Amino acid sequence: MIYTEFSFPNDSHIIWSLMIVTYPYISGIMAGAFGISALYFVFGIESLKPVSRFSLLVSFSFLLCATLPLLNHLGHPERALNVVIVPNHRSAIGGFGYIYSLFLVILAMIIWFAYREDMIRAAEAASGLKKRILTILLLWNQNLNDDTRQVDRQMVFILTAIGIPSMAVLSGYVGFLFGSLKSNPWWSTPLMPFVFFVSGIISGLALVLLLYLYLGWYGYLEKSYICLRMLCSLLWFSTAMYIVLEGVELLYFYYESSDAWFVISTLLFTKLKYSFFVLQLGIGLGVAFVLLSAMFTLKLEETSFAKMGAVAAVYLLFEVWMMRWNIVVGGQLFSKSYVGFREFHPQWLEKEGILMAIIFTLLPFLVLFAVTRFLSVRPTTEEAPEQITSSGSQAGENI
Amino acid sequence: MKMAASGMAGMLIVTLIPKSSSGQRIHNIEEMKHVPDWMDHYYAYVVDTTKCIGCGACARACKRENDTPDGYSRTWVERYQITDTGHVYIDSPDGGINSFPPKDVEGNVIKGFFVPKLCNHCRNTPCTQVCPVNASYESPQGVVLVDKKVCIGCGYCVQACPYDTRYIDPRTHTADKCTWCYHRVTKGLAPACVTVCPTKARIFGDLKMKNSQVREIIDNQRVMVLKPELNTEPYCFYIGLDRAVR
Amino acid sequence: MEASSLATIHKGDDYCLDCHEPEWDMADAKHANVPCESCHFLPKPHAIATDKADPAIKAKADGGKYVKLELMPIDKTEQPCLNCHIFLPSRPAKFPQIKDQAKHKKDGWKKTMGEVDTKAPCGRCHNSHFPKAFSKGVA
Numbered sequence: 138m139i140y141t142e143f144s145f146p147n148d149s150h151i152i153w154s155l156m157i158v159t160y161p162y163i164s165g166i167m168a169g170a171f172g173i174s175a176l177y178f179v180f181g182i183e184s185l186k187p188v189s190r191f192s193l194l195v196s197f198s199f200l201l202c203a204t205l206p207l208l209n210h211l212g213h214p215e216r217a218l219n220v221v222i223v224p225n226h227r228s229a230i231g232g233f234g235y236i237y238s239l240f241l242v243i244l245a246m247i248i249w250f251a252y253r254e255d256m257i258r259a260a261e262a263a264s265g266l267k268k269r270i271l272t273i274l275l276l277w278n279q280n281l282n283d284d285t286r287q288v289d290r291q292m293v294f295i296l297t298a299i300g301i302p303s304m305a306v307l308s309g310y311v312g313f314l315f316g317s318l319k320s321n322p323w324w325s326t327p328l329m330p331f332v333f334f335v336s337g338i339i340s341g342l343a344l345v346l347l348l349y350l351y352l353g354w355y356g357y358l359e360k361s362y363i364c365l366r367m368l369c370s371l372l373w374f375s376t377a378m379y380i381v382l383e384g385v386e387l388l389y390f391y392y393e394s395s396d397a398w399f400v401i402s403t404l405l406f407t408k409l410k411y412s413f414f415v416l417q418l419g420i421g422l423g424v425a426f427v428l429l430s431a432m433f434t435l436k437l438e439e440t441s442f443a444k445m446g447a448v449a450a451v452y453l454l455f456e457v458w459m460m461r462w463n464i465v466v467g468g469q470l471f472s473k474s475y476v477g478f479r480e481f482h483p484q485w486l487e488k489e490g491i492l493m494a495i496i497f498t499l500l501p502f503l504v505l506f507a508v509t510r511f512l513s514v515r516p517t518t519e520e521a522p523e524q525i526t527s528s529g530s531q532a533g534e535n536i
Numbered sequence: 026m027k028m029a030a031s032g033m034a035g036m037l038i039v040t041l042i043p044k045s046s047s048g049q050r051i052h053n054i055e056e057m058k059h060v061p062d063w064m065d066h067y068y069a070y071v072v073d074t075t076k077c078i079g080c081g082a083c084a085r086a087c088k089r090e091n092d093t094p095d096g097y098s099r100t101w102v103e104r105y106q107i108t109d110t111g112h113v114y115i116d117s118p119d120g121g122i123n124s125f126p127p128k129d130v131e132g133n134v135i136k137g138f139f140v141p142k143l144c145n146h147c148r149n150t151p152c153t154q155v156c157p158v159n160a161s162y163e164s165p166q167g168v169v170l171v172d173k174k175v176c177i178g179c180g181y182c183v184q185a186c187p188y189d190t191r192y193i194d195p196r197t198h199t200a201d202k203c204t205w206c207y208h209r210v211t212k213g214l215a216p217a218c219v220t221v222c223p224t225k226a227r228i229f230g231d232l233k234m235k236n237s238q239v240r241e242i243i244d245n246q247r248v249m250v251l252k253p254e255l256n257t258e259p260y261c262f263y264i265g266l267d268r269a270v271r
Numbered sequence: 003m004e005a006s007s008l009a010t011i012h013k014g015d016d017y018c019l020d021c022h023e024p025e026w027d028m029a030d031a032k033h034a035n036v037p038c039e040s041c042h043f044l045p046k047p048h049a050i051a052t053d054k055a056d057p058a059i060k061a062k063a064d065g066g067k068y069v070k071l072e073l074m075p076i077d078k079t080e081q082p083c084l085n086c087h088i089f090l091p092s093r094p095a096k097f098p099q100i101k102d103q104a105k106h107k108k109d110g111w112k113k114t115m116g117e118v119d120t121k122a123p124c125g126r127c128h129n130s131h132f133p134k135a136f137s138k139g140v141a
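In order, the protein sequences belong to chains A, B and C.
Read in order, the letters of the first sequence are residues 138 to 536 in the working numbering.
Read in order, the letters of the second sequence are residues 26 to 271 in the working numbering.
Read in order, the letters of the third sequence are residues 3 to 141 in the working numbering.
These are computed hints drawn from the structure, not numbers from a lab.
All the given hints hold, so there is nothing to weed out.
Here are a few chain B residues that sit away from chain C, every Cβ distance over 10 Å (derived from the structure): (1) Thr-110; (2) Lys-252; (3) Ile-264.
Here are the simulated lysine-lysine pairs, BS3-like style, with alpha carbons at most 25 Å apart: (4) C/Lys-96 x B/Lys-225; (5) B/Lys-128 x C/Lys-101; (6) B/Lys-128 x C/Lys-96; (7) B/Lys-76 x C/Lys-101; (8) C/Lys-107 x B/Lys-128; (9) C/Lys-101 x B/Lys-225; (10) B/Lys-76 x C/Lys-134; (11) B/Lys-225 x C/Lys-13; (12) B/Lys-76 x C/Lys-32; (13) B/Lys-225 x C/Lys-32; (14) C/Lys-13 x C/Lys-46; (15) B/Lys-252 x B/Lys-225; (16) C/Lys-101 x B/Lys-136; (17) C/Lys-121 x B/Lys-128; (18) C/Lys-70 x C/Lys-13; (19) C/Lys-13 x B/Lys-88; (20) C/Lys-105 x B/Lys-128; (21) B/Lys-88 x C/Lys-78; (22) B/Lys-252 x A/Lys-319; (23) B/Lys-76 x C/Lys-96; (24) C/Lys-96 x B/Lys-136; (25) C/Lys-13 x B/Lys-76; (26) C/Lys-78 x C/Lys-32; (27) B/Lys-174 x A/Lys-488; (28) B/Lys-173 x A/Lys-488; (29) B/Lys-136 x B/Lys-252; (30) C/Lys-46 x B/Lys-88; (31) C/Lys-134 x B/Lys-225; (32) B/Lys-252 x B/Lys-76.
This structure is a prediction, so every number in the text was calculated from the model and none was measured.
Cβ atoms here follow ideal geometry from the backbone N, Cα and C, with glycine treated the same way.
Given the sequences, and given the hints that come with them, work out the whole structure.
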């Protein structure tokens, strides 16, 4: 039977648009950044020390801003707390309120313990309002000796260990939300939570890499070639895992050739031809993976290595955003009749438009800026930016 | 009370079989408000696609009864035309609300029919399962409803429904869908679409009633549901559902 | 539950026949099974129970159970008829449908009047309540 195009009457509008693309992007970065800290604090990968605490701040800033796109999307944001007051335990979104709050508390506590010594020193050096705020934040306990440092380290270890599954659930549940819907064949796959989780790790790694290069250049973070190499190899590994996951997912769709294969193949080869194959896979993933592979195959100077790493990271950040778009919006470009398609053209000034998406994506950076101003210890002398050397770390301040 | 009780049973019979052989007449809808045991029913819906003529009276009645927003349909009718070349032409102009104009298709139409669609009020509802705030719920009579005071408008239920019967009402920003005219059935009336159907293609009734028409059809005739492989257990049963139906 | 306390808009045939039964006893007609509200509808109440009506309007009740509030609009064009009876291949084959309106009118007239008026509306020969051509109610 050859069907002519037909969409169900209620299928005229796309209800999950840019806000639902932005939210997993932000929560993915949050997860990836936390993963870096976890690798250091729990698994003891020493080479990640320079970025370990900074990643916590990145994760925290993105976590704080994560709910904003969702609130903007809701028809009744004033009732958003219903999700924690009268949640449905069988619903993935119903669990969101608790998962998010749990991770927020854990991350806040980790940062508190990790930065406790710095906050004490800053409180001693500060005066006036800043001193008062810091004293309150420290919960009026400014004891500092080897025992307290030991306790701080232990608490960071324990909390980060608890935080890992919490972070995994927080970034994986979005995938579960999509993957468990039998009504939508483009979304319905058990691999979806892993696809979202791994791409979240990629985006977090890529962003921290870029920020590390930037801040290291200006002396705010300790410059370490080993750290850079470790970040890039983690990035390569996650990208390889993502390619495998995405490839297996497509292979299964094609091979099983189930009732929805017609609509998925038409979707992929017409509506998503450009955004999926060219932008996401070809440019985003392909270029980045080739670059990363080249970085580890060829013998490169450190500056070249860093530059290629930065380029790969930018491409991967783009790729992960396109992946969110292709899944969220792509899954709504066809009707549930499986024989109809529609267009989607986001507008600049809509409630869930392009401008709002840009604002919500940039907001975490503002928060990060504010947090680092508050929690960082500025260098006492301005040091000129120097080349990254492989012989140990620069005598810069640790953020 | 007694009159109301027998009146309610009579009302269901009256709305389901032709007027000329009707039994008791209910004179005033107000009398039906105090129907005893209004919870003690288990409703089902039957659509007989062999009888539907695609007049659109049901879609018009639903819109009037429930004040549905423009551009969305709680119930709609789809027209299928299958030609000798193996092509299937499906259309539903505005949900069929203004009936169907003749449509030219390539080839000769060898098989054609109309399929009314509405919320299936599934037993294994995907929409109720995913609602984060329990705004979507099932009544004891088997009717799936939305509590508009709790709904946060996230749209998860709209994504989860495989039959595309839900939508976000642009006026209230909450989820909305066919309620089997719950405000009518709890007073002993039939849904608006059933009330106005001229060919009795839409049938509604109580499975708990021994001699209800839906009971008789489901027990004795060959009935089908939409997308049975998804295990949603719909309670809208179709007579004459073709393999071409989406 | 708020869902069950909404106002019912469609009233059902019994409501109409309370006042109109003597006029529209269609028991023998082909449209006997077509509900009144399939074709007739008014968004506001057409009539109100006398004991609930305004004293000013009560006077018009004339001892009856209902008082008329509004005139039910009647669409005398061909559209309501064509909604059901124009030929569509998807309609059941046994359902009376008109493939060619001009021919239908030509044949119908020839049978009875001997003249042809292909522009006559449906109502010229058919009363919608007694749809058999030239049965009661047609001029």
